[in-house]
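Under UniProt numbering, the first residue of the sequence shown carries the number 1, and numbering increases by one thereafter.
Do not take every clue at face value.
Claimed, not checked - Using 30 Å as the maximum straight-line C-alpha spacing, the simulated DSSO-like pairs for lysine-lysine come out as follows: (1) Lys150 to Lys39; (2) Lys208 to Lys150; (3) Lys150 to Lys207; (4) Lys39 to Lys61; (5) Lys61 to Lys150.
Honestly, the hints are just simulated from the structure, not real lab data. Given the structure is predicted, the values throughout are model-derived calculations rather than measurements.
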Amino acid sequence: MMQESPSFTLFPNLPPELRTRIWQHALPVIGPAICRYRKGLWHPRYLQPGDEGYHPDLEDKIDLEFRPDLVIQILVELPLILVNSEARHVALEWARQHGIKHTCMRQFVPQHDTIYVETSQIEDFYNAPWERMFEDDLANRMISSNLRPKNVAISEMAIRNNEIKPLALAMNNYASHIFVIVGEQPDFEGLWEVDDSRGRSVFWDCKKLCFEMGDGEYITDEGLYGCFEEGKRDFLEDLLDFGDLEIRPAFAVRR
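Using the sequences and the hints given, assemble the complete structure.
This is the structure we're talking about:
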């Protein structure tokens, strides 16, 4: 005899406010997504009076900004919209508050999400802002650049094979967090997020002018940290004028 699946048959009799609260607790937690780097992420912004960097005496008042949020859309799993009309209403209101369209896609948030740069894309990533400055609409004009990538991810093997040094990646773009993805690399089929809850970080302290080990566990062998130390010697002079930086081994997780 087939057993019926367990269900809470008294749920419809609960007060509407309590049902709404339960639906809200069933909504997903938006984690830091990891998205593949692509071309076209640099956009000019024409400064207006009151904007930081605006100078009325300059003929050109242009700031070249790193704006993946204008291009990248991130998948959001939202099965609650299929339960019933009440759950759908709660889910769509939550989606609206988080800038998620009814297609269950959300914008890239630079302070929250991460750009993953594949080894074959490193040169493009380095050169993209400079190439954009020489396109027809910006060529021969005076341009500043204040909004740059904050969270960047690269593969562990790219560092071990000496194909890239995380310090070079940080200083070229003023990134403040470099995630070194250990183990499986994202294939970007579906949603991927950064799990940085366990890896032990290396911090560059711009006030003390030194690297310090953070808390956490070794999620890879200590040889990877030796690569960071070797890279420090190559960039020590430049680091004197560089801000705080965190290099953290992490996992990429498919959601």
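Hint check:
1. Lys150 to Lys39: holds, 17 Å
2. Lys208 to Lys150: Holds - the C-alpha atoms of Lys150 and Lys208 are around 22 Å apart, at most 30 Å.
3. Lys150 to Lys207: holds, 20 Å
4. Lys39 to Lys61: holds, 24 Å
5. Lys61 to Lys150: Holds, at about 24 Å.
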